[in-house]
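Number of protein chains: 2
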Amino acid sequence: MANADCVSVRVFSLNCWGIHYLSKHCSQRYQMIGEMLCKEQHDIVLLQEVWSEKDFLYLKVKLASTHPHSHYFKSGVIGSGLAIFAKHRIHDTFLYRYSLNGYPYMAHHGDWFGGKAVGMAILNIAGLTANVYVTHLHAEYSREKDSYLSHRVVQAWELQQFIRHTSTGADVVIVGGDLNMHPQDLGCRLLMSYTGLKDSYIETAKFDGCENGMTLIADNLFISKNELIPFEKGIRIDYILFKGSSTTKIYCDFMSTTKGSVPGHPLPYSDHEALTAELRLESHIPAQAGSGKTHDTPAEKLAELVDTLTEARTEVKVGLHCAERMRYTAARTGVMGLALLVLELAIAAVPCFALGAEQPFPRISFYLLAALCFAILLTTFLLYIFYTMELKSLQGAEDQMRLAVGSLQEKLRGFPVAQPNDAPQRSPEGQQPSALDPEE
Amino acid sequence: MANADCVSVRVFSLNCWGIHYLSKHCSQRYQMIGEMLCKEQHDIVLLQEVWSEKDFLYLKVKLASTHPHSHYFKSGVIGSGLAIFAKHRIHDTFLYRYSLNGYPYMAHHGDWFGGKAVGMAILNIAGLTANVYVTHLHAEYSREKDSYLSHRVVQAWELQQFIRHTSTGADVVIVGGDLNMHPQDLGCRLLMSYTGLKDSYIETAKFDGCENGMTLIADNLFISKNELIPFEKGIRIDYILFKGSSTTKIYCDFMSTTKGSVPGHPLPYSDHEALTAELRLESHIPAQAGSGKTHDTPAEKLAELVDTLTEARTEVKVGLHCAERMRYTAARTGVMGLALLVLELAIAAVPCFALGAEQPFPRISFYLLAALCFAILLTTFLLYIFYTMELKSLQGAEDQMRLAVGSLQEKLRGFPVAQPNDAPQRSPEGQQPSALDPEE
Numbered sequence: 045m046a047n048a049d050c051v052s053v054r055v056f057s058l059n060c061w062g063i064h065y066l067s068k069h070c071s072q073r074y075q076m077i078g079e080m081l082c083k084e085q086h087d088i089v090l091l092q093e094v095w096s097e098k099d100f101l102y103l104k105v106k107l108a109s110t111h112p113h114s115h116y117f118k119s120g121v122i123g124s125g126l127a128i129f130a131k132h133r134i135h136d137t138f139l140y141r142y143s144l145n146g147y148p149y150m151a152h153h154g155d156w157f158g159g160k161a162v163g164m165a166i167l168n169i170a171g172l173t174a175n176v177y178v179t180h181l182h183a184e185y186s187r188e189k190d191s192y193l194s195h196r197v198v199q200a201w202e203l204q205q206f207i208r209h210t211s212t213g214a215d216v217v218i219v220g221g222d223l224n225m226h227p228q229d230l231g232c233r234l235l236m237s238y239t240g241l242k243d244s245y246i247e248t249a250k251f252d253g254c255e256n257g258m259t260l261i262a263d264n265l266f267i268s269k270n271e272l273i274p275f276e277k278g279i280r281i282d283y284i285l286f287k288g289s290s291t292t293k294i295y296c297d298f299m300s301t302t303k304g305s306v307p308g309h310p311l312p313y314s315d316h317e318a319l320t321a322e323l324r325l326e327s328h329i330p331a332q333a334g335s336g337k338t339h340d341t342p343a344e345k346l347a348e349l350v351d352t353l354t355e356a357r358t359e360v361k362v363g364l365h366c367a368e369r370m371r372y373t374a375a376r377t378g379v380m381g382l383a384l385l386v387l388e389l390a391i392a393a394v395p396c397f398a399l400g401a402e403q404p405f406p407r408i409s410f411y412l413l414a415a416l417c418f419a420i421l422l423t424t425f426l427l428y429i430f431y432t433m434e435l436k437s438l439q440g441a442e443d444q445m446r447l448a449v450g451s452l453q454e455k456l457r458g459f460p461v462a463q464p465n466d467a468p469q470r471s472p473e474g475q476q477p478s479a480l481d482p483e484e
Numbered sequence: 045m046a047n048a049d050c051v052s053v054r055v056f057s058l059n060c061w062g063i064h065y066l067s068k069h070c071s072q073r074y075q076m077i078g079e080m081l082c083k084e085q086h087d088i089v090l091l092q093e094v095w096s097e098k099d100f101l102y103l104k105v106k107l108a109s110t111h112p113h114s115h116y117f118k119s120g121v122i123g124s125g126l127a128i129f130a131k132h133r134i135h136d137t138f139l140y141r142y143s144l145n146g147y148p149y150m151a152h153h154g155d156w157f158g159g160k161a162v163g164m165a166i167l168n169i170a171g172l173t174a175n176v177y178v179t180h181l182h183a184e185y186s187r188e189k190d191s192y193l194s195h196r197v198v199q200a201w202e203l204q205q206f207i208r209h210t211s212t213g214a215d216v217v218i219v220g221g222d223l224n225m226h227p228q229d230l231g232c233r234l235l236m237s238y239t240g241l242k243d244s245y246i247e248t249a250k251f252d253g254c255e256n257g258m259t260l261i262a263d264n265l266f267i268s269k270n271e272l273i274p275f276e277k278g279i280r281i282d283y284i285l286f287k288g289s290s291t292t293k294i295y296c297d298f299m300s301t302t303k304g305s306v307p308g309h310p311l312p313y314s315d316h317e318a319l320t321a322e323l324r325l326e327s328h329i330p331a332q333a334g335s336g337k338t339h340d341t342p343a344e345k346l347a348e349l350v351d352t353l354t355e356a357r358t359e360v361k362v363g364l365h366c367a368e369r370m371r372y373t374a375a376r377t378g379v380m381g382l383a384l385l386v387l388e389l390a391i392a393a394v395p396c397f398a399l400g401a402e403q404p405f406p407r408i409s410f411y412l413l414a415a416l417c418f419a420i421l422l423t424t425f426l427l428y429i430f431y432t433m434e435l436k437s438l439q440g441a442e443d444q445m446r447l448a449v450g451s452l453q454e455k456l457r458g459f460p461v462a463q464p465n466d467a468p469q470r471s472p473e474g475q476q477p478s479a480l481d482p483e484e
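Respectively, the protein sequence lines represent chains A and B.
Everything in the first sequence is counted per our numbering, starting at 45 for the first residue and increasing by one.
Everything in the second sequence is counted per our numbering, starting at 45 for the first residue and increasing by one.
Isolated chain A, as found in the complex (with noise of 0.2 Å):
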């Protein structure tokens, strides 16, 4: 490995809102964006809501001379809206697609329909491997009342998976993307201890930028202050993320967001704020015998991730039990409709339950009905299915959050992992013993 000295990597993100004739001033700001980033020639551009295909290629051509490197990452009906642009060679890409991200029949909120995803890149920085991700996670439409809190933590979950396992040969990472949490929630701290990753705007040294380093706030003229509600001024749901590892160092000099409108501009860029980190790597070469494959967590470290992995359970466990009850309420239906047919089909073809023979029969009557009874059966069978799908996400999750506890706690024990031949008849779930009893 080079023995690169302090590398300075400038990483921008930002939500870019791009809806075509829903979002205001679409192609205006995808301008303003282009032009911005020309300008300022960024080490990584990390894009999200890019929606339309058109608008990634627009900006590929813009910034051709400045940023050669770029991937679009495709998934879902609409597509996932992600994409990176880079001054350096991206060597390898992947794509995880969330197993939960809403519901179809909630076109108005159109998450489901984007596929919601986590883009990885591997980018080459001067010598040292760079894991740089890319993600977007499922909106909160109502703080109060958020039905996808369980959706959006299974994500979180399933994010950090992934960064935690495709990230061990890699010197650097770097996150950048529209979480939809505050910095305190659960989702977002579930990344961040599981991970290690830290986040940029609490790490650096010197900000610019909106108060609290918020990322939605009032004073953009495309946010309704209603929507904002109970926060006055705005919330922080973007972020930067980094990581070194043993042999790289990373730092964060400097930090900045947007404040609303561009100088010069009437418009903002988007209705988020675009954030700006600048970060120096410092490669060291190995001197410890770490192996670089989990960073040493001290034992206060680990008890809080399991406390924060146990919250999350609980969580998951709610959405299970919604998911469940939804199922059931959908079978019931069906089964009622059923029901219905069959009766209605016994009038129809037994004259004995027919009307008085005075009355003609009701043709019409009967085809509406029957033509309804149909509609029930078919909506009521996708959502059973749909709701299957939901639920065998939501117990894989807490399968793998049980088992990743249990080693947790093992670890903690200070029983030694590295010989499980000694003790064969240990099983993590011995402590829970109903828990894969899928009724529990």
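No lab work stands behind these hints, which were simulated from the structure alone.
In this text, all values refer to a predicted model and were calculated from it rather than measured experimentally.
Watch out, some of these pointers could steer you wrong.
You can't tell identical chains apart in this list, so a pair holds if it fits in one copy or across any two.
Said to hold, decoys possible - Here are the computed lysine to aspartate or glutamate pairs in the EDC-like style, where the Cα-Cα straight-line distance is at most 20 Å:
hint	residue 1	residue 2
1	K98	E368
2	K68	E79
3	K287	E326
4	K345	D136
5	K287	D297
6	K269	D190
7	K455	D136
8	K361	E97
9	K189	E368
10	K293	E247
11	K98	E79
12	K361	D351
Use these hints to put chain B onto chain A, whose structure you have.
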């Protein structure tokens, strides 16, 4: 890392064919499987098509003393069917759901509902980190007219991505499962050449089992010979693959397969044959400067990989055109349904278009026709969405493959990849200017 000289690891893999009410003698076979596993005491047991969680729990109880650690991977509508049992502690798990997996309306094939995936479990074997993967790819229902080929190639692509990116920190990689591909099939070559995984049947010092290592044989009483045409005796589609690292060497000393019916029983364990590989791990203190991140690939291997990738891209493009055509057909049918509905409504609404006054308005036909139109619109709408998702995934895979080919070709040319700043104008996409154009 412990200097663990010559650790022996016995790995077992079986597609259990566990479809209750459809698979023959399901419960009886699970009983046989459980007893055999209890007796044989393999270190790692990788099972596929364990569709019912009840069967997994049955085995879990049965193997509680021999294999205290286990995990069942949940996904899709029915489940992934993947399960792992281990003597050694499972430290972490992660599931990657393939983005493409057949069609929901091909219900008789059922793959879509299974939510095919690759499951990973991180084990600690005598101080060594072993990344163990279990997977099951989409079935091949007809070799001549394989309508799922592009799906299976994308699955193999995602499988290699997942293994490669998540196994960087592993000392040993072990993969077992039903790949539904012959050894020379594109997907298999893609997987093997990209990851550097080795086939235990090819590598083994000693073999005992079916001719040519076949795992789906004519002598199995659950197999009808018609299914195997044109392969008279059988095919090899199940595998145990492995790979060491810069610190650990891995060898296969012995490999075996079952040969149809089990001695002493009237039945085989499944319609597939079971595989057992005896692997030997030799751990060394790292001597070379090799970072262990990438296996040092000679030029001819690289060239072979480029060829395989190019072939895979072509296959994906074929699938892409297919999906585009299907989506176009769905859209056209939808438009026809809409036109029919508009015409019908016009006839009903505008009196001058109506039938002569002497004829009564044909109400029943009107309602039936309207219902038909709505059914057409709904179906084509759902299909359109589905094909769009398929297109996105195919395009995504194609993009990533193109990027990978570009990166490999640059390596082959001997360009200095470590200094991308020296040549910021050179883009991998630059070689194929219109490659990102979706119309290509």
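Hints broken by the structure, by number, lowest first?
-> When the structure is compared with the hints, none of them turns out to be violated.
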